[in-house]
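Enquirer: Mapping the sequence shown onto the working numbering, position 187 (from 1) lands on 187, and the numbers just tick up by one.
Please note that a few of the clues may not be correct.
Distance ranges between label pairs, derived from CB positions [as the list claims (entries may be wrong)]: (1) Thr321 / Arg110: 43 to 49 Å; (2) Val265 / Leu217: 44 to 50 Å; (3) Ser239 / Thr152: 50 to 56 Å; (4) Glu216 / Glu61: 38 to 44 Å; (5) Gly155 / Val241: 49 to 55 Å.
Keep in mind the hints are simulated off the structure, nothing from the lab. In this text, a Cβ means the ideal position worked out from N, Cα and C, and glycines have one as well.
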Amino acid sequence: MSRRQRGRFVRISRARAQDIYVGFGQLLQAGMSPVQACSTIRESAAPSVAEELDRVQLALETGCDVPTAFARAPRLFSRSDVSVLTAFNDVGDAAAGFQSLAEHVDDVVRFRRTLIRGLVYPLAVVLVAIVVLPLPLLVSRGASAYFSVAVTRLGFFAVGLLSVFWLLPMVGSTQTIARSIRSVAWRLPWPATIWTNHVRAVFHRTLATSIGSGLELAKALRSAAAATNDESLMRRIGSAVVALPQTGLAKPLVDLGLVRAVDLVVLTSGERSGALVESLSVLSARYHTARNAGLTWFNRVIACVVTAIMVVVIALSIIDTYRGITRQTDTILDAIGSDAESLDVEWLKDMDVNSFTLPGAGDGLREMSTRGGSRR
1 MSRRQRGRFV RISRARAQDI YVGFGQLLQA GMSPVQACST IRESAAPSVA EELDRVQLAL
61 ETGCDVPTAF ARAPRLFSRS DVSVLTAFND VGDAAAGFQS LAEHVDDVVR FRRTLIRGLV
121 YPLAVVLVAI VVLPLPLLVS RGASAYFSVA VTRLGFFAVG LLSVFWLLPM VGSTQTIARS
181 IRSVAWRLPW PATIWTNHVR AVFHRTLATS IGSGLELAKA LRSAAAATND ESLMRRIGSA
241 VVALPQTGLA KPLVDLGLVR AVDLVVLTSG ERSGALVESL SVLSARYHTA RNAGLTWFNR
301 VIACVVTAIM VVVIALSIID TYRGITRQTD TILDAIGSDA ESLDVEWLKD MDVNSFTLPG
361 AGDGLREMST RGGSRR
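Sequences are here, hints too, so could you generate the full structure?
Expert: Right under this line is the structure:
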């Protein structure tokens with residue numbers, strides 16, 4: 001397989017897409033045509049991005065509209081992004097669509113970075129524990145035993161990291177599994193509420209921007225649901241669209257879980273007062289704050305749990321090492337004691353008790369006998 005063919009299966013980072021959205025929004029707002037904007041951005045883009053933009057530019061030059069052209073580059077632009085762009089393009093405001101997508105991608109990138117930064121500390125603690133815990137083996141069994149245990153554990157650690165940061169996201173990206181996980185997340189407590197609050201924040205922010213750009217409410221609802229990248233929500237949003245003439249906007253959104261009961265008054269008052277865009281922006285900011293707070297507590301809990309586990313493991317290791325040293329010391333002392341006893345027994349066997357005299361005792365007796373004779 002050639003390098004170019006392999007590249008078709010590798011998704012380009014969302015940060016690259018954000019740069020393109022910002023550039024397109026600025027250039028279109030300055031009066032450039034989509035073809036000119038695409039050509040301008042392509043000149044300074046990385047090779048992998050330029051390859052995708054070639055497809056976009058070719059589609060634009062053949063008469064395709066902006067959303068259709070961007071759909072030709074799935075490695076760079078997701079289906080949810082294209083759906084949002086389609087909604088804005090329908091009202092003739094593609095520049096606002098690009099600006100909205102840029103804000104959305106920036107928020108997603110910040111969310112992922114915060115999650116990854118929160119995992120750095122517990123992973124570092126685990127790594128240090130892997131290196132430090134086998135150190136007693138250096139004394140008891142030597143360097144080869146220590147390195148054998150440490151390298152084996154580092155291998156398992158590397159496999160775990162690969163599973164968490166590559167294998168699980170790849171498996172979770174499949175449509176069936178992702179759909180099931182996101183559907184279940186709406187019925188679970190914290191930390192699943194981090195995801196649901198994220199979806200709510202994205203939905204209300206996109207809905208506010210769409211309505212503010214003049215998009216009719218039904219299309220704005222579908223566009224906002226598409227922006228969340230939650231396929232279960234995209235399917236269920238049809239019920240809200242159908243119920244709009246009879247119930248208005250508030251009740252269907254509460255039924256879908258997109259608005260909490262405690263926030264219903266904000267949406268209802270905004271809908272009836274004509275300040276719907278402002279109310280949606282308030283809800284978006286509120287759910288955005290709730291998502292960030294939940295993520296912060298999630299990182300703290302993970303750090304505390306990992307630290308507690310490592311403290312227990314280190315304590316048990318110290319106790320086990322102490323017991324091992326004590327056992328070895330007792331064994332050595334027992335061996336020394338048994339050797340000493342055997343030496344004492346052999347020495348006593350070879351000793352003539354009847355002829356036993358202290359060193360110098362003979363000289364002392366002679367001197368005493370001499371003094372006694374002189375006195376007489």
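Enquirer: Look at each hint and say if it fits the structure.
Expert: Here is what the structure says about each hint:
1. Thr321 / Arg110: 43 to 49 Å: Given range 43 to 49 Å: holds, Cβ gap about 44 Å.
2. Val265 / Leu217: 44 to 50 Å: violated, 20 Å
3. Ser239 / Thr152: 50 to 56 Å: At roughly 54 Å between Cβ atoms, threonine 152 and serine 239 fall inside 50 to 56 Å, so the hint holds.
4. Glu216 / Glu61: 38 to 44 Å: violated, 31 Å
5. Gly155 / Val241: 49 to 55 Å: Given range 49 to 55 Å: holds, Cβ gap about 53 Å.
Checked against the numbered hints above, the structure breaks hints 2, 4 and satisfies the rest.
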